[in-house]
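S.K.: Going down the list, the sequences are from chains A and B.
Position 92, counted from 1, in the first sequence is what this note's numbering calls 92; the numbers after and before it change by one each time, with no gaps.
Position 156, counted from 1, in the second sequence is what this note's numbering calls 156; the numbers after and before it change by one each time, with no gaps.
Since the hints were derived computationally from the structure, they do not count as laboratory data.
Every value quoted in this text rests on a predicted model; they were computed, and no experiment measured them.
Hints may be right or wrong, so weigh each one.
Since the list gives no way to pick one copy over another, a pair counts as held whenever it fits inside one copy or between any two copies.
Stated by the list, open to error - Taking lysine to any residue and the SDA-like style, the derived pairs with C-alpha atoms no more than 20 Å apart in a straight line are:
#1 69 <-> 108
#2 273 <-> 259
#3 133 <-> 257
#4 273 <-> 48
#5 273 <-> 230
Protein chains: 2
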Amino acid sequence: MTTRQRIQDRQQRLATHLCVGLDPDPALMPPALEIEDFCVAVMEATAPFACAFKPNVAFFEACGWQGWKALEVVCQAARGLDVPLILDAKRGDIGSTARRYAEAILGRLGADALTVSPYLGADAVTPFLEYNKDALSYVLCATSNPSGIEFQGSSDEGEVSESRSSDRLSARAEDAPSAGPLYLRVARMAAGLSRSFGNVGLVVGATRPEAMAAVRNAAPGLAWLVPGVGAQGGDLAAVAQQGPGDVVFNVSRGILYARTDGEFAAAAAAAAKGWRDAFNDRR
Amino acid sequence: MTTRQRIQDRQQRLATHLCVGLDPDPALMPPALEIEDFCVAVMEATAPFACAFKPNVAFFEACGWQGWKALEVVCQAARGLDVPLILDAKRGDIGSTARRYAEAILGRLGADALTVSPYLGADAVTPFLEYNKDALSYVLCATSNPSGIEFQGSSDEGEVSESRSSDRLSARAEDAPSAGPLYLRVARMAAGLSRSFGNVGLVVGATRPEAMAAVRNAAPGLAWLVPGVGAQGGDLAAVAQQGPGDVVFNVSRGILYARTDGEFAAAAAAAAKGWRDAFNDRR
Numbered sequence: 001m002t003t004r005q006r007i008q009d010r011q012q013r014l015a016t017h018l019c020v021g022l023d024p025d026p027a028l029m030p031p032a033l034e035i036e037d038f039c040v041a042v043m044e045a046t047a048p049f050a051c052a053f054k055p056n057v058a059f060f061e062a063c064g065w066q067g068w069k070a071l072e073v074v075c076q077a078a079r080g081l082d083v084p085l086i087l088d089a090k091r092g093d094i095g096s097t098a099r100r101y102a103e104a105i106l107g108r109l110g111a112d113a114l115t116v117s118p119y120l121g122a123d124a125v126t127p128f129l130e131y132n133k134d135a136l137s138y139v140l141c142a143t144s145n146p147s148g149i150e151f152q153g154s155s156d157e158g159e160v161s162e163s164r165s166s167d168r169l170s171a172r173a174e175d176a177p178s179a180g181p182l183y184l185r186v187a188r189m190a191a192g193l194s195r196s197f198g199n200v201g202l203v204v205g206a207t208r209p210e211a212m213a214a215v216r217n218a219a220p221g222l223a224w225l226v227p228g229v230g231a232q233g234g235d236l237a238a239v240a241q242q243g244p245g246d247v248v249f250n251v252s253r254g255i256l257y258a259r260t261d262g263e264f265a266a267a268a269a270a271a272a273k274g275w276r277d278a279f280n281d282r283r
Numbered sequence: 001m002t003t004r005q006r007i008q009d010r011q012q013r014l015a016t017h018l019c020v021g022l023d024p025d026p027a028l029m030p031p032a033l034e035i036e037d038f039c040v041a042v043m044e045a046t047a048p049f050a051c052a053f054k055p056n057v058a059f060f061e062a063c064g065w066q067g068w069k070a071l072e073v074v075c076q077a078a079r080g081l082d083v084p085l086i087l088d089a090k091r092g093d094i095g096s097t098a099r100r101y102a103e104a105i106l107g108r109l110g111a112d113a114l115t116v117s118p119y120l121g122a123d124a125v126t127p128f129l130e131y132n133k134d135a136l137s138y139v140l141c142a143t144s145n146p147s148g149i150e151f152q153g154s155s156d157e158g159e160v161s162e163s164r165s166s167d168r169l170s171a172r173a174e175d176a177p178s179a180g181p182l183y184l185r186v187a188r189m190a191a192g193l194s195r196s197f198g199n200v201g202l203v204v205g206a207t208r209p210e211a212m213a214a215v216r217n218a219a220p221g222l223a224w225l226v227p228g229v230g231a232q233g234g235d236l237a238a239v240a241q242q243g244p245g246d247v248v249f250n251v252s253r254g255i256l257y258a259r260t261d262g263e264f265a266a267a268a269a270a271a272a273k274g275w276r277d278a279f280n281d282r283r
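Work the whole structure out from these sequences, hints included.
M.R.: Spelled out as structure tokens, the structure:
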């Protein structure tokens, strides 16, 4: 089974589109706990409500080589729980170097999926697609952070800030493949790679509801990973209604740090269940 | 001293603008050598000809946590040799996560500089600038890989493929700060951050001589890191003549793998000396 099929299978069996983000920060965690023990406890508690887990590499690298070793433990635990693991790495480098990142993330760590940056063009994405045909590479498209629009939204049409412009642009997209804001050109690049490789997805922020219809038109059928729900204030209803049928939405801090005492795992499970239901209620 | 001052000081004392790239690939290295031992031997041999070293994180991560531990050894060796260390990480994530990457790279590893991706806008760059005012963050601008131009060159003016368009665009840049190809808008963003923080540089590929004049006009006074010389066929004369006075050009494979037997370190030193001289001859 491909990663996408595994995610879909879990979405159907457990009726959940929630991805639990693993951003272990010692400053926020219960004291005297190793980051891998914290993550594994959260994973075990939230697995029944999660279609995927998403560790963000930054939080592991910040702990040095011990952090990287902890990340290996987390990846292994996901395999033990049979939950697809998306490594949030946002890597992007030239071809020969991208191959080494693919080896690190899809090979050594054995992740099922990862996030990649499109700034260097298709060269920087293709090595991940070639490395493992079953894995899934989510290309950063319209990101959830406030300054994401800065370059992603820029085009000869100016910034896209309301759904009317979005509709207009999505109509244009079919006529003029090189036109429109950067995030739509990235979406079309990803769609092209998907036609060749079949294992490409997109990162579309929940804080960017105005972009969603246009992205779906520009790259029909691609899987989405949606950050920005929860602490970042994204629009869960827009994700549920405008995302593709197998959309995956991520919540990190709202689950990990629901409580920061000895009850953190039970609180994380309750928060995960709440997010699962909140999404399902909005479908 | 800031990282930029340390690089300039070394450029003047040793008359070299060469940065030695450290991309240790076990498939290309002399057999039965650990990657950290290989890198340290190359660093010791080439230090007299180098104004900086640049390990690319991908090659270390591909070796798992042992690779990250090797990277810590390499960073420590650079400090021992008192050679500025630029970590080629191309990181780019939202603010709170970027702070963890800053902790990983400028904190834990103690790198003097790093490369960052601008796809997520200023949010993703600023945490590195704030973390250490003396460190240097090189923002990816016009990268050296063939598909770099795919998005970086796109604008309402179309792709920039000859110096005439470049001159025209650089003239426009002063009139209309949001116009021109993406790499010029990135250069202007970096210039703006540099006015606030003073510790921003740019990555400009040696394979993109047509972009150089426009980038310099858009971001006057910023430091440059120039990859793409050597295996990628970049234009060394253009770098020497069009880069800023303290430009740093990087060569990796042409030095690391000059010989792949027991004489690799001496061969690396000879190759480094050759590249140093080749650049100086073209100034």
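S.K.: For each hint given before, does the structure comply? Return the numbers of the non-compliant ones in rising order.
M.R.: When the structure is compared with the hints, only number 3 turns out to be violated.
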